[in-house]
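Engineer: Residues per chain are reported as follows:
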Amino acid sequence: MAAVAAVSAFGLVAGCGGSDSGGTGGGKKDGKVTITMGLFGVMGFKETGLLDKYMKEHPNIVIKADVAGDEQTYYTALQTHLAAGSGLKDIQGIEIGRAKELSDTQQDKFVDLAGLAGTDHFLPWKQSQVTTKDKKVIGLGTDIGPMAVCYRKDLFEQAGLPTERGEVAKLWEGDWSKYVAAGKRFKQNSKDDKVAFMDSSSGLFNAMIYGNSQQFYDKQGELIYATNPVVKGAWKLASEAATSGLTAKLRQFQPGWDPGLANSTFASTVCPAWMLAHISEKAGPANKGKWDVAKAPKGANWGGSFLGVMEKSPVSKEAQELVAWLTAPEQQAYLFEKIGNFPSSKTALGMPEVVDATSDYFSGAPIGKIFSAAAQEIPDEQVLGRKDGTIKDIFSQGLTLIEAQNKSPNEAWETTDKRIEKAVG
Amino acid sequence: MAISTSTPPDGAPGAAHPAGSGSGTEDQRRSTLLHRLDVRVAPYAFVAPFFVVFAAFSFYPLIYTSWISLHRVELSTLNLMEWVGFDNYTALWDDDRFWNALLNTFTIGVLSTVPQLLMALGLAHLLNYRLRGSTFFRVAVLTPYATSVGAAALVFTMLFERDFGMINWMLSLVGVDNIDWDNSKWAAQTAISTIVIWRWTGYNALLYLAAMQAVPRDRYEAAALDGASRWQQFLMVTVPGIRATIVFTIVLSTIGATQLFGEPLIFGQGPNGVTGGADNQYQTLGLLLYEEGWKNYQMGRAATVAWAMFLLLIVVFAVQQVVKRVLARRA
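Residue numbers (this note's numbering), protein chains in the order written: chain A, 917 to 1341; chain B, 67 to 397.
Derived from the structure by calculation, the hints contain no laboratory data.
Being a predicted model, the structure only gives us computed values, none of them experimental.
Backbone N, C-alpha and C fix where the C-beta goes; we use that ideal spot for every residue, glycine too.
Heads up, some of the hints might be wrong.
These stretches of chain B come out as covered by chain A in the derived footprint (C-beta under 8 angstroms, 3 or more residues) [said to hold, decoys possible]: (1) 225–239; (2) 340–346; (3) 361–369.
Negatives, chain B to chain A, calculated, CB over 12 angstroms [as the list claims (entries may be wrong)]: (4) H137; (5) L141; (6) S142; (7) L146; (8) A157; (9) L168; (10) L193; (11) F203; (12) L220; (13) A290; (14) S295; (15) A310; (16) R396.
The list that follows gives simulated cross-link-like pairs (lysine to aspartate or glutamate, DMTMM-like), each with its CA atoms no further than 25 angstroms apart [claimed, not checked]: (17) K962(A) with E1337(A); (18) K1110(A) with E227(B); (19) K1334(A) with D243(B); (20) K1052(A) with E1227(A).
All chains should be modelled from the sequences, with the hints used to inform the complete structure.
Structural biologist: Written as structure tokens, this is what we have:
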């Protein structure tokens, strides 16, 4: 009896520790291949029916996709799973802010996708972001985030600003400080003091730093955010916007932001291509046709993701085929048409579905042309750093200190600096 | 397993079964051995599962955490540990984030625990009256406890929203300006305490109610005969009668307050959630631990915070014991 009890007790413990350390959830059974995917945000594969389409075309394949709403939560779980060696999916999404960290520290856990058939159509800088030092490719690009400015025609009009997208773009052509200047004009002439010019200063900050090839780190992987004039300049302008009351003091993708969109509490926001889907959904049909898209002062890239296949996957071959298909030019063009995720494939950029795309919701704006032009301006080389995502969050938080807590920009910078040191040290 | 019936009461098998076959004696000896094992060892086997589970899921993590806290180690590369001795502890001592979190944990703890227990006491007193549909009310006070922290915190986050939240809307009816619940320190702490109070008051009220029902009725009758009002009865009979339960709920609430995590996390959703607001204005120790471990991925420092919390609880209870003894001596 003692033996039985002891064995069952140990069985319990062992069962918790070791049972699923091998697989990734996928596998083959009765001629069916199951592929599991871990995704986040609105990557669009599930939402637009692409996965269903693939399953229809490949009746022996079943795809199970888990979509986490928030990337931070998703990445934390992914890190834990990578460390524990369990709980991983066959295919995992990788956000751009994490690309460097994963290719530096976890590359042996991903399948090398270099040379996979039919995957030589990506923008070179996109591909280089997930290529390790010894030329291993740990993921394939889904979308990129060329930026524009989304604005409300009706609110611009009541503040005496131009409303036609060409003229609006001229307002701030070539320099982000002109965007802030336009904001000051807006604030002065606006008849409704409940409406702010922009949603948050951190959106502006992001747009400014992402237009440069070196941001928080240099090519050698050293932290340079504290001395990089790009970061300093962006901080200065963003804090100027914050202290001049041009912002609605919201945090993007946080609770107050969506009702802000729905209730029109701000007149513009810097928007990467993938944000259009969010705006049109949250601002709702009532605001359809009031929004428009204008060219940003400078081209920049915010966001974009990758799909990687895990080394442990028992269905690695099938998973690689799926990833290649999901990131193929046709599917990227389709996703852009459907939800506005801008292609990372050179081939897709030339396809008529992309070039001629317009958006009904945004007053028929030629978003294909606007974002393509913005994509051309994105620097060819973008230096990523290991903790880019974390540092970006800390900067947003630092700007909130100025915006909503009335701290001085200097004080907020010092706090930010200290926090980054803690976070990456 | 055991063949206890064949063993004579005097426990001397040789005497009861004189020289039969050799194998018989052998059997006897074996069964005695089994019997002894059964009596002596089996109880251990019965309680073993608990201790094995305890060792695996409580004791081992505790020891392992202390081991990690002496290293510099990142979540993504747990196999690479660099020995740093007590550096993490001295760094934590010098870290104003730690003191800030400690203070927040304390203030939110007081803001939530004190009103919560007082309200629970009052509620239990009311429920203790004979009233119609008492079962309904007793179940009703428990429903907030049955909702998940996540759901509760989410609803409250929407209620406390700055621009379009219901609470600010109601305050605007009486002429109070929009309060930025998230960004103002005391407003945020009050809001979080509200969530905690809402969730736990009913639970504590039921504990008090159970204790109150064990207070002998004749004490109330005697008090009533002496002309004590309801309020005096409450103070002089009820409260002393359930003193042990009150101490118990204080202990429970202290532990709960020290580990406060879910409510502030969800209250400050997203990247700012773990930091407890842009200025860490409502970051508790639990959140600091999470931030170090699962946002900065520094497991060594996270483990250090965990141990600091553990030691803190021990200190709190030591103080509580001392206070109790001093009070007892004075009484």
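Engineer: Compare the structure with each hint and give your call.
Structural biologist: Okay, the hints, checked on the actual structure:
| no. | hint | verdict |
| --- | --- | --- |
| 1 | 225–239 | holds (count 4) |
| 2 | 340–346 | holds (count 3) |
| 3 | 361–369 | holds (count 3) |
| 4 | H137 | holds, 14 angstroms |
| 5 | L141 | violated, 5 angstroms |
| 6 | S142 | violated, 5 angstroms |
| 7 | L146 | violated, 10 angstroms |
| 8 | A157 | violated, 10 angstroms |
| 9 | L168 | holds, 17 angstroms |
| 10 | L193 | holds, 36 angstroms |
| 11 | F203 | holds, 33 angstroms |
| 12 | L220 | violated, 9 angstroms |
| 13 | A290 | holds, 53 angstroms |
| 14 | S295 | holds, 48 angstroms |
| 15 | A310 | holds, 35 angstroms |
| 16 | R396 | holds, 46 angstroms |
| 17 | K962(A) with E1337(A) | violated, 38 angstroms |
| 18 | K1110(A) with E227(B) | holds, 16 angstroms |
| 19 | K1334(A) with D243(B) | violated, 34 angstroms |
| 20 | K1052(A) with E1227(A) | holds, 13 angstroms |
Hints 5, 6, 7, 8, 12, 17, 19 from the list above are not met by this structure, while the remaining hints are.
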